[in-house]
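**Student:** Add chain P to chain D, keeping to what the hints say.
If you're matching them up, the sequences are chains D and P in order.
Okay, so the first sequence: first residue is 18 according to the numbering used here, each after it adds one.
Okay, so the second sequence: first residue is 2 according to the numbering used here, each after it adds one.
SDA-like cross-link-like pairs, simulated, lysine to any residue; straight-line CA separation at most 20 Å:
no. : chain 1 : residue 1 : chain 2 : residue 2
1   : D       : K79       : P       : E261
2   : P       : K304      : D       : N28
3   : P       : K143      : D       : A31
4   : D       : K327      : D       : E189
5   : P       : K304      : D       : F45
6   : D       : K79       : P       : N254
7   : P       : K304      : D       : L35
8   : P       : K143      : D       : N28
9   : P       : K304      : D       : I41
10  : P       : K143      : D       : S33
11  : D       : K79       : P       : L260
12  : D       : K204      : D       : K226
13  : P       : K304      : D       : S33
14  : D       : K244      : P       : L260
15  : P       : K143      : D       : L35
16  : D       : K140      : D       : K176
17  : P       : K304      : D       : A31
Derived from the structure by calculation, the hints contain no laboratory data.
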Amino acid sequence: MFSRQRTHIRNNTAESNLFTRRAIIAFFGVCVLVGILLINLYNIQVNSHESYQTRANGNRIKLIPTPPNRGVIFDRNGVILAENRPVHSLELVAEQIKDIKKTVASIAEIIALSEEAKQRFFKSVKAQRRFKSVVLKSRLTAEEVAKISVQLHRLPGVKIEARLKRYYPFGESLTHVMGYVGRITRKEQQAIIDKEQEAIYAATRDIGKQGIEKYYQELLHGKPGYKEVEVNNRGRIFRVLNEQLPEHGQDLYLNIDINIQQKAYEALAGRRGSVVALDPNNGAVLAMVSSPSYDPNLFVHGISSKEYKKLLSPDKPLINRATQGAYPPASTIKQLMALVALEENIVTEHTSIDDPGWYQLPNVKRKFKDHLAWGHGKVDVYKAMAKSCDTYFYDIAYRLGIDKISSFMYQFGFGEYTGVDIHEEKSAIMPSRGWKRARHNQPWYVGDTISLGIGQSYWTATPLQLAKSTAIVATSGEVFTPQILGASQGELGLLQIPADDSQPVVLKQHKHWRIAQKGMWDVVNDPGGTAYNVFKSANYVSAGKTGTAQVIGMAEDEEYDETKIAERHRDNAMYVGYAPYINPEIAVSVTIENAGGGGSNAAPIAKIIFDEYMNNRTLSFDNKLTTVNQQVEQINGQQ
Amino acid sequence: MGNNNSNHGYARPKSLANKIHIDVPLLCGLLALMVISMVVIYGASGQSERMIERQTIHIGLSLFIMFIVAQCPPSTMRRWAFPVFAIGVVLLVFTLLFGHVGKGAQRWIDFHFFKFQPSEVMKLILPIVVAHYITRYALPPKLKHVAIGFIIVLIPTLLIAKQPDLGTSILIASSGIFALFLAGMSWRIITALGVAVSAFIPVLWYFLMHDYQRRRVLTFLNPESDPLNSGYHIIQSKIAIGSGGIFGKGWLNGTQSQLEFLPERHTDFIFSVLSEEFGLVGVIGLLSVYLFVISRGLYIAAKAQDAFARILAGAITLTFFVYVFVNIGMVSGLLPVVGVPLPLISYGGTSMISLMIGFGIIMSIHTHRKFNK
Numbered sequence: 018m019f020s021r022q023r024t025h026i027r028n029n030t031a032e033s034n035l036f037t038r039r040a041i042i043a044f045f046g047v048c049v050l051v052g053i054l055l056i057n058l059y060n061i062q063v064n065s066h067e068s069y070q071t072r073a074n075g076n077r078i079k080l081i082p083t084p085p086n087r088g089v090i091f092d093r094n095g096v097i098l099a100e101n102r103p104v105h106s107l108e109l110v111a112e113q114i115k116d117i118k119k120t121v122a123s124i125a126e127i128i129a130l131s132e133e134a135k136q137r138f139f140k141s142v143k144a145q146r147r148f149k150s151v152v153l154k155s156r157l158t159a160e161e162v163a164k165i166s167v168q169l170h171r172l173p174g175v176k177i178e179a180r181l182k183r184y185y186p187f188g189e190s191l192t193h194v195m196g197y198v199g200r201i202t203r204k205e206q207q208a209i210i211d212k213e214q215e216a217i218y219a220a221t222r223d224i225g226k227q228g229i230e231k232y233y234q235e236l237l238h239g240k241p242g243y244k245e246v247e248v249n250n251r252g253r254i255f256r257v258l259n260e261q262l263p264e265h266g267q268d269l270y271l272n273i274d275i276n277i278q279q280k281a282y283e284a285l286a287g288r289r290g291s292v293v294a295l296d297p298n299n300g301a302v303l304a305m306v307s308s309p310s311y312d313p314n315l316f317v318h319g320i321s322s323k324e325y326k327k328l329l330s331p332d333k334p335l336i337n338r339a340t341q342g343a344y345p346p347a348s349t350i351k352q353l354m355a356l357v358a359l360e361e362n363i364v365t366e367h368t369s370i371d372d373p374g375w376y377q378l379p380n381v382k383r384k385f386k387d388h389l390a391w392g393h394g395k396v397d398v399y400k401a402m403a404k405s406c407d408t409y410f411y412d413i414a415y416r417l418g419i420d421k422i423s424s425f426m427y428q429f430g431f432g433e434y435t436g437v438d439i440h441e442e443k444s445a446i447m448p449s450r451g452w453k454r455a456r457h458n459q460p461w462y463v464g465d466t467i468s469l470g471i472g473q474s475y476w477t478a479t480p481l482q483l484a485k486s487t488a489i490v491a492t493s494g495e496v497f498t499p500q501i502l503g504a505s506q507g508e509l510g511l512l513q514i515p516a517d518d519s520q521p522v523v524l525k526q527h528k529h530w531r532i533a534q535k536g537m538w539d540v541v542n543d544p545g546g547t548a549y550n551v552f553k554s555a556n557y558v559s560a561g562k563t564g565t566a567q568v569i570g571m572a573e574d575e576e577y578d579e580t581k582i583a584e585r586h587r588d589n590a591m592y593v594g595y596a597p598y599i600n601p602e603i604a605v606s607v608t609i610e611n612a613g614g615g616g617s618n619a620a621p622i623a624k625i626i627f628d629e630y631m632n633n634r635t636l637s638f639d640n641k642l643t644t645v646n647q648q649v650e651q652i653n654g655q656q
Numbered sequence: 002m003g004n005n006n007s008n009h010g011y012a013r014p015k016s017l018a019n020k021i022h023i024d025v026p027l028l029c030g031l032l033a034l035m036v037i038s039m040v041v042i043y044g045a046s047g048q049s050e051r052m053i054e055r056q057t058i059h060i061g062l063s064l065f066i067m068f069i070v071a072q073c074p075p076s077t078m079r080r081w082a083f084p085v086f087a088i089g090v091v092l093l094v095f096t097l098l099f100g101h102v103g104k105g106a107q108r109w110i111d112f113h114f115f116k117f118q119p120s121e122v123m124k125l126i127l128p129i130v131v132a133h134y135i136t137r138y139a140l141p142p143k144l145k146h147v148a149i150g151f152i153i154v155l156i157p158t159l160l161i162a163k164q165p166d167l168g169t170s171i172l173i174a175s176s177g178i179f180a181l182f183l184a185g186m187s188w189r190i191i192t193a194l195g196v197a198v199s200a201f202i203p204v205l206w207y208f209l210m211h212d213y214q215r216r217r218v219l220t221f222l223n224p225e226s227d228p229l230n231s232g233y234h235i236i237q238s239k240i241a242i243g244s245g246g247i248f249g250k251g252w253l254n255g256t257q258s259q260l261e262f263l264p265e266r267h268t269d270f271i272f273s274v275l276s277e278e279f280g281l282v283g284v285i286g287l288l289s290v291y292l293f294v295i296s297r298g299l300y301i302a303a304k305a306q307d308a309f310a311r312i313l314a315g316a317i318t319l320t321f322f323v324y325v326f327v328n329i330g331m332v333s334g335l336l337p338v339v340g341v342p343l344p345l346i347s348y349g350g351t352s353m354i355s356l357m358i359g360f361g362i363i364m365s366i367h368t369h370r371k372f373n374k
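So here's chain D without its partners, still in its complex pose (with noise of 0.2 Å):
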């Protein structure tokens, strides 16, 4: 094998040598190298060190939001309307289970898991980002906690996580007023997105959707704290490096008294209507019901289908009829109307027409019916508002006319937003010439005039209006809009709302206040008034009107329907009032659609209000207080 190599003649020397020239060429190659990897590695390393840092930092560093305590909702003393409860969710970590589908065998012995929890549970599972919990069961009861619980040391990668839900303890006898609150939509988070406020929602998953959740979101969300945690390549949490503590929302104090909002609700019986109390002295919401309504829990956590299609009923429980039911004041307004005619010296104190049971305009042949057949007789402003003489007002109307009837009526708020502060409002109509023109392009009838004596015709108003004139009426001008905040707690602490007072009416003689006052009186306290039979038992003494509207189908979007024509036909029953006479402390507007005579059946409502109010007010009020024996006496003095 080596035979032929011998052959050759070898110069060892000059190989080895040539051996050392390549070997001191490939070492100088070798450093070449290594100061190349040197260079680029000084510039990885030393010059781009700070970036590369970043960089290193935001992959392993991440910011998480965690939501803040939306404020607790109190009634005017302090009783919970809204809080936040723990709901329990039974959650698993895909990644650290073994065997998802033994793990959840085994949760199943423990607790009741539907065959559709399940289903829904592996989809989201293979949907779910690694790492992330899954919900496998929410809203689990006490006793399905305590159950996992004690066996969760068995059952890794589960977990029970409890997440603050909101709570209505009052449920549906508050949820017009309340509103509640939900997932936020897409639409929502449009909003959001525009007004730049994602950082201070970037861990909500619930905003206010009605009433004053909506009203008052930004006061009750309060403002997120973060989380700044050590996170691996799969958005494993390690530790946690920063935490600032969300800061939670205010608390809200309403006007609003819970027990009358609750004697109110009762009182209403699930028929169709609305009841609102006002504190005429500032604006206050005392109460304010719409009725049939429904239980605010259920949107919390995402209402079925099912629940929802329940809720399109032709009773429109959805609706607010306190500010968004736009119903005929009818006879309610007769005060108001007698007040224009005074102030515009169509009649005075003292003047009195005959009533032969019917209006008649000079040659028109047509009649306009009193509610009385065989009419009142002689009657006088007193009579006329204590027994609800329709033709009285005909004639009035007639003679005031339109301009002046509307132009007065404004003051008091007609055909225009109370501005109370949920944002379910209408504003309902106060026929003018201009109204009529622009809505029917049509003009001005004076048949259309006479009508409006009684609260009819085109005329409409909301509960929530009707409650708001009576006040005015009731503190003899004083105008304030209807506030269901009464303070805030936040930061700044206890934060007392001041009341909105607006321009006060102004009359020309300010004793035409207390003719209508007087009026009032008598309607409840005259043995001819409408109401007297109702509040003779009363041991205060209130003032009101009875209201009884002539209709077909009521709140103004209401659909036709044929079935219940018969009773959708009766008439709206209706009531104004406030208590007590002197010094008002409440203001009441009663409504009930289809329900009959006002006097008889919305007034009875009226007296379970004020009976609630002036039997507890002394324990809050004690400095307002005087004894019904004074207020006789004063009323005895006034005649």
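**Tutor:** Coordinates of chain P only, in the frame set by chain D:
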């Protein structure tokens, strides 16, 4: 064989190390690298004691094999070079035809009880074969012999590239080419080859490469263009290296590696872990150890008894450097990602054993010098 007329070697009293055919300075360098390996792997594996255990076994086994190889005189290696090479080529062909597909490449032959990677054998045998072939004739080699030498190099290189295992084929090709270079291949041939290769690149790009291969090259040139897929590894690696700075984040404190942003942390990208935790200082330390091992290897080569031994020791040493250069170049973004481990540092038994066999050969060359006197 007894007819060696080299006279410039002088007799020295034999030390114990020499008797057992161990070169102490080289062994120290290698042990230093192995210690570094354990330290970095412990961090890179998330303090996995199991991995440390296994790497200890790898190290022990490879040291043992190195020791065995060192006992074996160069002449024996020379005798077996061609037959083993022939078997290796046959196995490579066999692998291509019937091999086990792992990670998208056919590299393994499955013998049921163990998997065998013929390219590893080829890595060891090729420099021996080339050195053996080229030193049968007087040096510097003639064009004809250089050409045949190239053919010997190209056969396994192409077979392995076809698997495809670009990293190994580069290492194998370079070991053969280094042997030819150290043998004294003329500069004219080197220049001509250089020109030919540069001329070949456009042909390769436009006519021979697949779209996905071109895309991979483009990703290498600009990793940020594809940050989520193929560019992800290199970006995360550079972030790890760069964020280490001069002094590093400290042992076990590398966020890129501890939090698993860095891929292949304990194998191909272990250099990034070292750079992140020990900074530029650690990098310079590691490179110094490598340079020491390479210098020692080249020194042994220069002192070797005959041309075969010189060329073989030199080629093994330089190939060792190619490992270092390709791996570091790759994780720091200088070279495309081809899958070459960092020699003696990366976790894994196969590459460590084949590297240590190489160093066993070098030790054998150094310690068998005087035996033929």
